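Participant: Residue numbers (the working numbering), protein chains in the order written: chain A, 2 to 549; chain B, 58 to 236.
Hints were generated in silico from the structure; no laboratory data involved. This one's a predicted model, so the numbers in the text were calculated from it and none came from an experiment. Mixed in with the good hints, there may be bad ones.
Claimed, not checked - Covered, in the sense of this in silico footprint (three residues per stretch, anywhere, with C-beta under 8 Å from a C-beta of chain B), are these stretches of chain A:
hint : stretch
1    : 12-25
2    : 34-47
Said to hold, decoys possible - Only some residues are given here: those of chain A computed to face chain B with a beta carbon under 7 Å:
hint : residue
3    : Ile8
4    : Ile50
5    : Ala51
6    : Ala53
7    : Phe54
8    : Ala56
9    : Asp57
For every residue, glycine included, the Cβ atom is placed at its ideal position computed from N, Cα and C.
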Amino acid sequence: MTHPNDIVLSMHADAALPAAEAATVSLHLEGCTICAAKVAVAQGETRIIAAAFAADAGEALPELSIPTFTRPAGLREFALANLATALLIWMAGFLWKTLFGELVVNAAELAASAYAPDTYDLVSASITHYLEEGTSMFSTYVGFVCFAVTAVALVLWGIRHRKGGQLASLGIAAVLCAGVVVSEPASALDVRYDKTLVTIAADETVDDTLLIAAETVFVRGNVTGDLLVVGRRIEIDGNVEGNVVAFAESVTVRGSVGGSLLSAAERVELREATTGSDLWAAAETVSIDMASRVEGNAALAGEKTLVAGYVGKDLYAMAETVELDGSLGASLEALANRVRLLDGAHVGGDARLRIDSDAKLYRADGAQVDGGIEFLAKPDTAKRKNRYTDLEFYLWQLARLVSAVLVGICLLWLFPAWRSLSISSGIEGLKSAGIGLAALVGLPLLALVVAFTLVGLPFSFFAIVAWLLVLYVAKILVGVFVGRSLLARTDYADSSFLILLVGIALVILVVNLPWVGGLLGFLMTIVGMGVMVQWLLGVVPRATYTER
Amino acid sequence: MARHTAFEILYRDYYPRVFGLCRRLLNSPELAEDATQETFMRAYRKFDQFDTGREFWQWIATIANNYCIDLLRSRTRAKQLFGDEETEVAAVAEAVSADLPVLAELIATEDSAQLNAVIATLPDKYRVPLVLAYFEQASYLDIAEQLAISRTHVGVLLLRARQRLRLALASQTDEVHTR
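Using the sequences plus the hints, can you model the full thing?
Facilitator: Shown next, in the form of structure tokens:
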């Protein structure tokens with residue numbers, strides 16, 4: 002006789018065999034006392050075990066407290082996911098098209114011309130070559146990397162958290178993101194480069210944003226987009242409908258600029274020029290002749306600034322000498338060693354002068370100031386007031402408190418587990434502080450190193466933005482710890498608003514303490530950062546929810 | 058608000074059972090407390106999906122099981138929390154040849170508390186199916202589905218669990234006799 006094995010008999014005792022097999026075993030048991038005995042023993046044992054479990058039902062239960070049941074997480078996670086994606090899209094677009102596509106390249110070229118004139122030609126040629134030949138390729142490459150990283154992260158996140166609906170939503174957002182990132186910036190960019198001279202002829206119209214790099218640049222025609230120009234000598238006689246950004250040794254504008262004019266040079270001159278919006282100029286000498294018009298504000302910095310033309314709004318000037326012989330629609334604010342208001346000067350508003358003494362002001366008889374003249378001390382000579390006696394200080398702290406509480410409420414809604422993150426012991430606090438200090442110092446350093454690789458520049462930018470966010474949020478998190486500890490034994494222990502209000506108020510109070518406030522603020526920041534880093538890495542155990 | 062109140066009533070009624078289940082699965086009152094909270098939180102979030110034709114206990118026990126098993130899996134370094142079926146079958150045969158006394162004979166000299174204490178010392182791979190089968194009264198098929206193993210594997214683990222209990226109790230009895 003072949004006996005069923007012990008596993009089959011045990012399963013039969015638990016009535017766990019499929020029907021056909023169970024019937025066969027039952028038939029066998031009718032004629033086999035050995036197996037029947039084994040089954041009986043197994044059944045007896047399971048009864049004993051079940052009885053033991055039942056007898057242990059009166060175990061010590063933790064005190065029953067009803068938790069605060071939160072609303073369905075789907076909405077929160079959906080909002081969080083889309084918020085993150087929207088931020089990513091915005092950052093990617095901003096970073097690539099604005100920061101990297103224009104400013105960084107231009108700034109690099111300016112720096113090369115200013116600090117390494119001998120290698121200027123080489124650098125300029127290289128960069129322009131890159132712009133001409135490599136922009137599309139590089140754009141696609143960066144776009145692909147961003148898209149691939151995002152897609153992989155999404156898939157991993159989806160697999161890990163099994164979020165089908167949110168994953169679909171994120172997928173759509175990621176495709177949009179990819180569309181933004183991969184869109185070719187070069188298509189709207191007309192690049193002109195020549196080692197010596199680039200001329201936009203008077204009868205030529207450029208319909209794109211125009212980027213020019215050359216030793217000498219003449220723009221006599223029309224540009225319908227923005228004009229970005231780098232060179233030694235730049236003359237703009239034509240018409241630019243957008244903004245003008247110009248870096249050179251000498252910039253002369255005789256034509257019209259529809260938007261703002263931003264320029265850094267040794268000499269910036271506006272001669273019979275008009276700008277539809279603001280003028281921002283930094284140069285040794287900035288001059289606006291009497292036939293020129295700036296319809297917006299003018300912000301000028303240099304050794305000498307001379308404004309003989311018309312400025313529609315305010316004039317902000319920071320220079321060794323500020324001369325005004327023209328007309329201002331609004332106020333003059335000057336930080337200078339000397340201010341000269343000549344016969345043709347007309348200030349529509351007040352003149353606020355940050356000069357050492359009124360002797361440094363020359364005012365011609367014909368100069369008009371419609372408002373008053375106010376002498377303000379220079380910032381570096383201004384006496385430091387006791388901030389605690391200033392109402393403004395308290396208003397600012399109040400604003401800080403309100404904004405931090407609002408941000409905190411949003412954060413607790415988005416990340417409910419933060420309500421119960423805590424530091425349960427001194428050792429844990431030290432550990433968090435150590436990790437926070439490492440993050441505080443390490444992340445910017447890492448971002449800096451990555452930034453040197455150029456390709457890593459976008460990631461570096463994201464890292465710095467994330468670091469700044471964490472820096473701000475760290476103290477709010479500490480506020481949550483403090484608030485929760487203080488209210489733990491009161492009726493308000495489950496009120497996120499009161500926890501945040503009390504906790505953050507105390508944090509603000511502490512960081513404003515004289516002498517020790519700075520140090521305590523630093524400690525709170527690194528502890529908060531440390532806890533956040535641990536939470537991000539999943540080291541902090543998932544916490545229980547706030548109880549009533 | 059009605060949903061909230063109804064759920065609070067369920068929470069009060071089922072908290073002890075869910076806690077008991079989690080405590081036995083995780084073998085730790087502290088972890089069980091967290092797990093119970095998390096179970097009810099998950100149940101609340103998914104409450105719309107609860108089939109009212111089904112017993113609430115079955116539904117919430119499944120949530121608790123899944124959470125606890127995931128937690129145990131995340132804590133173990135072993136590739137498979139519940140071991141390899143073939144290895145366990147071989148271990149069964151080895152233990153059978155040892156000819157251990159039956160549990161009833163051993164338990165005659167012990168009490169339930171002692172047996173529970175011994176159950177608590179079992180490795181996760183034996184304790185979890187034991188709790189699911191004889192505390193939660195789940196079927197082999199349900200256990201197999203939750204542990205992602207075969208029905209036979211469940212049977213093997215339960216048999217091994219009983220063998221380990223006998224072994225542990227036998228050694229305790231020997232210790233008492235030798236004193």
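Participant: Using 7 Å as the Cβ threshold, decide whether Asp57 (chain A) counts as touching chain B.
Facilitator: Holds - the Cβ of Asp57 (chain A) comes within 7 Å of chain B, reaching about 5 Å at its closest.
Participant: Is the interface hint for Ala53 (chain A) satisfied, with its Cβ closer than 7 Å to some Cβ of chain B?
Facilitator: 4 Å, holds
Participant: Using 7 Å as the Cβ threshold, decide whether Ile50 (chain A) counts as touching chain B.
Facilitator: Interface hint status for Ile50 (chain A): holds (5 Å vs cutoff 7 Å).
Participant: Was the hint right that Ala51 (chain A) lines chain B, CB cutoff 7 Å?
Facilitator: Given a least distance of 4 Å, the restraint on Ala51 (chain A) holds.
Participant: How does the stretch 34-47 of chain A fare against chain B when you require at least three residues with a CB closer than 8 Å, holds or violated?
Facilitator: holds (count 5)
Participant: Please verify the coverage claim for the stretch 12-25 of chain A: does it have three or more residues whose C-beta sits within 8 Å of some C-beta in chain B?
Facilitator: holds (count 3)
Participant: Have a go at the Phe54 (chain A) hint: is there a Cβ in chain B nearer than 7 Å to its own Cβ?
Facilitator: 4 Å, holds
Participant: At a threshold of 7 Å, is the proposed contact between Ile8 (chain A) and chain B supported by beta-carbon distances?
Facilitator: 5 Å, holds
Participant: Given Ala56 (chain A) as an interface hint, is the shortest Cβ-Cβ distance to chain B below 7 Å?
Facilitator: 4 Å, holds
Hint compliance for this structure: every hint is met.
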